[in-house]
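As given, the protein sequences belong to chains A and B, one line each in that order.
Start counting the first sequence at 1; every next residue gets the next number (the working numbering).
Start counting the second sequence at 102; every next residue gets the next number (the working numbering).
Quick caveat, the hints were computed from the structure, so don't treat them as lab data.
Heads up, the beta-carbon is just placed ideally off N, CA and C, and yes, glycines get one too.
Honestly, I wouldn't trust all of these hints.
Label-pair restraints from in silico Cβ distances [as the list claims (entries may be wrong)]:
hint, chain 1, residue 1, chain 2, residue 2, range
1, A, Gly47, B, Arg329, 44 to 52 Å
2, A, Gly47, B, Ala159, 31 to 39 Å
3, A, Val90, B, Arg280, 41 to 49 Å
Partner residues aside, some chain A positions facing chain B, computed with beta carbon under 7 Å [said to hold, decoys possible]:
hint, residue
4, Asn25
5, Ile34
6, Thr40
7, Gly47
8, Ala56
9, Gly64
10, Asp66
A short list of chain A residues far from chain B (calculated; beta carbon distances all over 10 Å) [unchecked claim]:
hint, residue
11, Leu22
12, Gly29
13, Thr41
14, Cys49
15, Gln54
16, Arg70
17, Gly73
18, Val80
19, Arg85
20, Leu92
21, Leu95
22, Ser97
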Amino acid sequence: MTNGPAADGPAAYGLALEDAALDGNAIGGLLIEIFGTEMTTATGTCGTCGTVSQVAELAVYLRGLDTVVRCRGCDSALMVFVPVRGITCVDLQGLISLTTS
Amino acid sequence: MAGTAVRGRLTWQTATVGSVIDETPTARTLLLDVAGWPGHRGGQHVDIRLTADDGYQAERAYSIASAPGEPLAITVERLEDGEVSPYLTQEARAGDEFEVRGPIGGYFVWQPAFGGPLLLLAGGSGIVPLRAILRYRGLIGSSVPVRLLYSSRRLQDVIYRAELDHAGDGVEVIHALTRSQPAGWTGYARRVDDQMLAEVAWPAADKPLAYACGPTSFVETVAAGLVRLGYPPVRVRTERFGATGQ
C-alpha cells in the first residue's frame, strides 16, 4: 500500500478529508487556557439555528494557528480563536449563550 | 482526588520519559514522570509540546493510556506524515524530556455513577482512552457489563491485544479487522456498519452508555448507527481523532 489516502480511510466512509473535523475534546487545553476552567461539558447555543450542544460535541477545525468551532446543525462559526502577537483573540459572536455545568 | 476540579490555568510541566513499550509495529506506549502529577481520570488526555533546537514548537493531544493511580502513560500511533508521532514512536528514549499539560477532559470520562451497561467502540488508536476506562473499571472492581467493539486494520495493529484477550469478567471484546485477517479468522472482516452494530450493541432498552473514539469517519458512522438503533444521542459520547485514515 502506498502513502496515499488509505483505501479504508475516511474517503471510504464517504467523507472528504477536509470534512474530517475534530471535536471540542481536541481543544480542551486551549479552552482551559482561555476560560480558566474545564469547558468540554459546557453547553453552547447557536445564535443562528438555536441548536444546543455540549462543547465536546461541536465540530472543531484546526487551521494553522487558528481554531474554528462550528455548529453541527447549521455550520455557523460559534467560536474562533486566533493568536496574534502572543495574545489569543476570541470571537464568540456565533453563540447566543455558553453555560458551564 | 485525581483530576476533579481544575483550579486556575493549566501549566506546562516537564515530562521525563521513564520507559517505552512497543505495542505494535506502529504504536508505542511511553511512561512519563511528571513531578507533582495531580492524577487523572480514565478517558482524559494530555497536551504534549515539543520544542526543536531552533525554537520551533509542535503541540499535540494524546489520550492517557493508564488508569487513575497508575503512572501516567500515553500510547502514540505513528502517522506516516506526522510531525510529532515519528519522534515519540521512534526516537524518544528513557530520560528524554518534553512538555506536558493536563489532565484535560471532563466529557469523555466514565465513573460508576454514570451506570451502564457500557458499549465501548474503538477505531484504531481510539482504543487508548477506552483502555484507560477499562483499567479503571477493573481497579475499582466494578461489575458493570462491558462490550468493546474494536476495529483495526490487521491483527498485528491491535493495541493491548494480550491485555484485551484477558479482559476479565463482564468484559466482552469483539474485534473487526478491516484490511486483512489471519487464516481461520471467524470474527468480523469489514468496517463497522449498521448490521454489525445491531449484532454487537446492547439493546437501547437496557439504557446503555456508549463511548466511541477513533478517526472522525469511524466515530460519525458508529454514533449515527447507534442513534438509529434507538440510543439517545446524550448516551453516546464521542471523541474524534481526525482523518488518520484507519
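Are there hints from earlier that the structure breaks, and if so, what are their numbers?
As far as the earlier hints go, 1, 5, 7, 9, 10, 11, 12, 13 and 15 are violated by this structure, in ascending order.
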